[in-house]
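Chains as they are written, first to last, in my numbering: chain A, 1 to 358; chain B, 359 to 716.
Quick caveat, the hints were computed from the structure, so don't treat them as lab data. Given the structure is predicted, the values throughout are model-derived calculations rather than measurements. Glycine residues also receive a C-beta, built at the ideal position from the N, C-alpha and C atoms. Hints may contain errors.
What the hints assert, rightly or not - Simulated restraints on C-beta separations: (1) Leu-411/B x Pro-110/A: 27 to 33 Å; (2) Ala-416/B x Pro-338/A: 48 to 54 Å; (3) Ser-344/A x Met-379/B: 32 to 38 Å; (4) Ala-242/A x Ala-416/B: 42 to 48 Å.
The primary structure of each chain is shown beneath.
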Amino acid sequence: MQRRTLLASASAILMALAVPAMAQDEPLKVGFIYVGPVGDGGWTFQHDQARQAVEAEYGDRVETTFIESVPEGADAERALTQLALAGNKLIFATSFGFMDPVMNVAAKFPDVKFEHATGYKQAENVATYDARFYEGRAVTGTIAGHMTKSNKIGYIGSFPIPEVIQGINSSYIHAKKVNPDVEMKVVWAYSWFDPAKEADAASALLAEGVDVILQHTDSTAPLAKAQEAGAIGFGQASDMAAFKPSPRVASIIDEWSPYYIKRVGQMLDGTWESGASWAGIGEGEVVIGEITDAVPAEVKAEAEALRDKIGAGKYHPFTGPLNKADGSEWLAEGETAPDSDLQSMNFFVEGITAQIPQ
Amino acid sequence: MIRLVPRSTASTFWQVATPVMAVLATMIAGGVLFAIMGHDPVTAIRTIFWDPLFGPAAAYSRPQLLVKAAPLILIASGLAIGFRAGIWNIGAEGQYIIGGLTGGAVALAAYPSEGAWIFPAMVIAGAAGGWAWGMIPALLRNWFGASEILVSLMLVYVAQRVAAWMAFGPMKNPEGFGFPGSRNLQQYPAASNPELIAGTGAHWGVVAAAVAVLVTWVLVSRHIRGFHIRAAGSAPRAARFAGVNPATLVAFCLGLSGALAGMAGLFEVAGPAGQITDKLGTGYGFTAIIVAFLGRLHPVGILLAGLLLALTYIGGELAQLTMQLPAATVQVFQGMLLFFLLGFDVLTRFRIQRKGQS
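Isolated chain A, as found in the complex:
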């Protein structure tokens, strides 16, 4: 074969290969950075489930990538930059501590859209999203109030930040509503995921006579401790179904799929806009996992009715009259809490004797 014909046929083959690739639309690249490993069984696991739901929903039209176990701070900024440089057009940053790195990188890549979980800073190309976990806490609090025999319920808090304080208040208000004698003990783990510390916290609560444990940390260690002591608890972030039917009598599941699918869809049809989303039970972002038979039928029915009422928007878990722990009035009779109060919540409601570490 002549050299010229060789070249000509080679270029013909290349053309043939290139044409179908050009005819098809490039898939939309969507990136995710996670604060923990995808196998944590809790927070990051749920985000990754939602990422997979996006892939299942849109198939070849999207291509997703993730970087896991990214430390908050300087490393997050680099991970975000690399995702942007790799051609991702929509990037989900799934931890509060990624906030300032997201803002810095978003300023450098104006044509890339960013979604930041649980933060409060927005920009033209930065939207925030969060879930109203306190709605779920109202349901588990109701169950806890009914189920406690010692009238002492315990709460393992991660960090004293508004989201966690909302959960403690919501649990307490609704436990108290069904059981006026209930007392709430709070222990801070200062971690989102640390089985050893969470187990210690659970032991401390059990030693104080607590027989229902609520947790705002992501490991199953507190459930294991509860099981040993004959106490009960709730799944957190994921269903924790392995501990059914007891000690895990119900759970609060973070379900990010509806939001992720919606936002990726908006990117695909070009209608994405910045904003702040704060959805709850009604939108399917906060899901109450199966309430097991360890809970009496009438309690289960009451909890499910409350869940449905919240989901339908007929009841707000923070409805007055409610006072702050220092005795001052917060909400008057019938008044519901404005979101701004919730987003900066740094006080316990009246009746909780624990202190918020300052």
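Fit chain B to the supplied structure of chain A, relying on the hints for placement.
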């Protein structure tokens, strides 16, 4: 049969050759690991060791090497001095955190005033904080004979608690809606530690690391204190006869390595990290121990080792991004490096001899 025969003097050839062999062995063992996991080993090794330097996004990742290597080199330079003298500071991570806190405290106290004195004062405060944290194990060893290995290591956990307390309490951003973390120093010009030349990644910490390499080189090879350090490490009794005061040496080594780690912490807080958070420590203090040994406790070796470890960080992220390798890859790599280094190190002090040979 193979026997190990002690050498009368350490082999100069193997002193240089072992780090190189350790790197090669890590690449091979890592490649085998990737192959078992079902990834192409050659692509993986290229992604980790080659692409950050010469790959498609190298223009971004090359400067990031400096950002990542600077704290490692700064800390390791100090640690190596102590290690040469047989004084084991394992708690550089704690000194790093405290330095970040004390240096950051100066900035937060000065906010919002402007002045050229602020940044230098922060650097001094950062070094002083790290120095003070390093003096605790030094004094406990000198006064009570407490092991500086244990004390310095355990003070890391104390420092992490202090950082959490500061981030949630006294140093919390008053405009942060109750969320943890200090003001972002990147947005406070007088206190920020930006890139000195855009696109190079070089901030003041990189300058300080370069200076530290030079100064420790002069110290070790030219200064009488360097002679004392080497003497104390290789022949403690002889050193005592030569007039070396062990207590002074302990205080000097722990103080110096603490001060350098503290400075590294401050440069990070004022620069790439920007903020005091509860996750201030991201492991530089521990990785620097690997850097010090990989660099054979020699300033130039540390410079190279710091850049190599930085490469594994950046390359590991790239491998996650492009090949979806798990994040633990980086830790496995760093662990293997130290493992092989210590393994091959046997060859510097021993000869391999076949039985029957003399």
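Quick rundown of the hints versus the structure:
Evaluation of the 27 to 33 Å hint for Leu-411/B and Pro-110/A yields a pass: the beta carbon distance comes to about 28 Å. At about 50 Å, the CB distance of Ala-416/B to Pro-338/A agrees with the hint of 48 to 54 Å. With their beta carbons about 57 Å apart, Ser-344/A and Met-379/B fall outside the hinted range of 32 to 38 Å. Separation of Ala-242/A from Ala-416/B is about 46 Å and conforms to the stated range, judged on CB atoms against 42 to 48 Å.
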